[in-house]
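Participant: Based on the provided sequences and hints, a complete structural model is requested.
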Amino acid sequence: MGNVVPLVPDPDRGREPAEDVSTVALRAAQAAIGAVAIAMGAAAEVVREVAGLPEDDRPTPGQDRATLLAGAALGLASEAARTAAAFADAAVRASRPVVIAGSSVAAPLARIADDLLARWDATWQRERPDAEAMAGAVATEATRRGVDAVLDQLDLTAIVVDRVDLDRVVAGLDVDELARRIDVDAIVARMDMDALTARLDPNEIADRIDVERMIGRIDLSALALEVIERIDLPEIIRASTGSVASDSMRGVRIGSQAADDAISRFVDRVLGRGRPGDGA
Amino acid sequence: MSRVQVVPIEARAFQGSPAGVVSRVLANAIDLAVAALLTAVLYAGWAGFLFLRRGRSFTFPTVSLTVAITVLLGVLAAIFTAAWTTSGRTSGDRVLGLRVQRRDGRSIGPLRSLLRALLCVAFPLLLAWAAVSRDRRSVQDLLVGTAVIYDWEPAGRVASDDAVGMAVDVAATVADEPRERQPEPVGGIDGQR
Numbered sequence: 000m001g002n003v004v005p006l007v008p009d010p011d012r013g014r015e016p017a018e019d020v021s022t023v024a025l026r027a028a029q030a031a032i033g034a035v036a037i038a039m040g041a042a043a044e045v046v047r048e049v050a051g052l053p054e055d056d057r058p059t060p061g062q063d064r065a066t067l068l069a070g071a072a073l074g075l076a077s078e079a080a081r082t083a084a085a086f087a088d089a090a091v092r093a094s095r096p097v098v099i100a101g102s103s104v105a106a107p108l109a110r111i112a113d114d115l116l117a118r119w120d121a122t123w124q125r126e127r128p129d130a131e132a133m134a135g136a137v138a139t140e141a142t143r144r145g146v147d148a149v150l151d152q153l154d155l156t157a158i159v160v161d162r163v164d165l166d167r168v169v170a171g172l173d174v175d176e177l178a179r180r181i182d183v184d185a186i187v188a189r190m191d192m193d194a195l196t197a198r199l200d201p202n203e204i205a206d207r208i209d210v211e212r213m214i215g216r217i218d219l220s221a222l223a224l225e226v227i228e229r230i231d232l233p234e235i236i237r238a239s240t241g242s243v244a245s246d247s248m249r250g251v252r253i254g255s256q257a258a259d260d261a262i263s264r265f266v267d268r269v270l271g272r273g274r275p276g277d278g279a
Numbered sequence: 000m001s002r003v004q005v006v007p008i009e010a011r012a013f014q015g016s017p018a019g020v021v022s023r024v025l026a027n028a029i030d031l032a033v034a035a036l037l038t039a040v041l042y043a044g045w046a047g048f049l050f051l052r053r054g055r056s057f058t059f060p061t062v063s064l065t066v067a068i069t070v071l072l073g074v075l076a077a078i079f080t081a082a083w084t085t086s087g088r089t090s091g092d093r094v095l096g097l098r099v100q101r102r103d104g105r106s107i108g109p110l111r112s113l114l115r116a117l118l119c120v121a122f123p124l125l126l127a128w129a130a131v132s133r134d135r136r137s138v139q140d141l142l143v144g145t146a147v148i149y150d151w152e153p154a155g156r157v158a159s160d161d162a163v164g165m166a167v168d169v170a171a172t173v174a175d176e177p178r179e180r181q182p183e184p185v186g187g188i189d190g191q192r
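So the sequence lines, in the order shown, correspond to chains A and B.
According to numbering that gives the first Met the number 0, the residues represented by the first sequence are 0 to 279, in order.
According to numbering that gives the first Met the number 0, the residues represented by the second sequence are 0 to 192, in order.
Since the hints were made in silico from the structure, they are not lab data.
We put the beta carbon where it would ideally sit given N, CA and C, even for glycine.
Some hints here could point you the wrong way.
Said to hold, decoys possible - Computed footprint of chain A on chain B; a stretch qualifies when at least three of its residues, placed anywhere within it, have a C-beta under 8 angstroms from a C-beta of chain A:
#, region
1, 7–13
2, 20–26
3, 71–85
4, 129–139
Facilitator: Structure below.
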């Protein structure tokens, strides 16, 4: 990284523009160096992690990567340097007339700087593919870790609660459509109805029901009569009391009535009458 | 349907229709047996009375057949009259589920009952016309203007008509009662709320 430094302070190149160019170049170089330092640290860690290595470096596979890391650092540095050089070059060109007129010392210095830049550029061109790939990986991992770190620090739920107008979000939802998508049968099938009913207190439910009001709405007498009619209560009473007397009396009545009909039919037939209302 | 029907389902179809000759003969037979029993009781009573009067010289009174039959028929006529006047049915009618009424369905009065009873006792065979008659009416029925119907209701139809009215009244009262009471629980609910 030391090789970048000489490029930066070059105040002799020109008075007015060189002042700006050198400042910009200095800042660019500083930023590049910082980035390279951070990237190298992060890259080393990422490489260890990706390779599944423990914290301490292992010598054999580490060497290759050390080279690669150096290349990456160099590539980034070269990039920064080239940018700075481009700026400087532009500045030199802009201030050349002044330089030539002012001093002849500037010419050899410029040539030395050009050579230096050309060498670095060649190095950069050679290292570029590996360095770029490595830098990309580093950037990706760094971004991921950075985002993770940021998210760790943020309480997203609280932020959503504070900042998001949930009412508006909900208003935009088609709840009917959602409900239509829900398979209620499946949910019910998953429920343990026995446990559910075991939790219910029938007495409490019964207490809440206003039985008197319900009864008030019912025509009890009509209902009772209908029920009695349907179940043939007289028959039940007869059967339950087992009254032989009433049973035999019924038999006598039914039998005599049948005999009445039989005689009526016989007489009708004898007299050649049609069937008048036997039971009319 | 305003009251419980006591009549069995299988017998409901012919309730109120004219009763045939078999049922009526059976009923009369029962009545005759009852009358005979009553006559025997009368004889026993008369004998007891004589025993108390004569003491040691008591012998059972001898009764000629004519007197016996006359008394029997008199008792029978008395039973008929009393039964038809009051409930429209004798003991035999009760057993067979019959009732005597006027043609228009009203109960028969004492005069009509007496006339019918005398006719029935004097000319029992005229009952046979009920077997021939198209509407199952005996000669007595034709003369007095009565009819015998199947009526299994224990209280009898006329009485049961009253009972129906009573039942309806009771039902109406019962039905009215909750309606009157209805605001009360509603008020209670509101109070709870």
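Participant: Hints first: check each against the structure and report whether it holds.
Facilitator: Hint check results:
| no. | hint | verdict |
| --- | --- | --- |
| 1 | 7–13 | holds (count 6) |
| 2 | 20–26 | holds (count 4) |
| 3 | 71–85 | violated (count 0) |
| 4 | 129–139 | holds (count 5) |
Figure legend: structure checked against the earlier numbered hints; the only hint not met is number 3.
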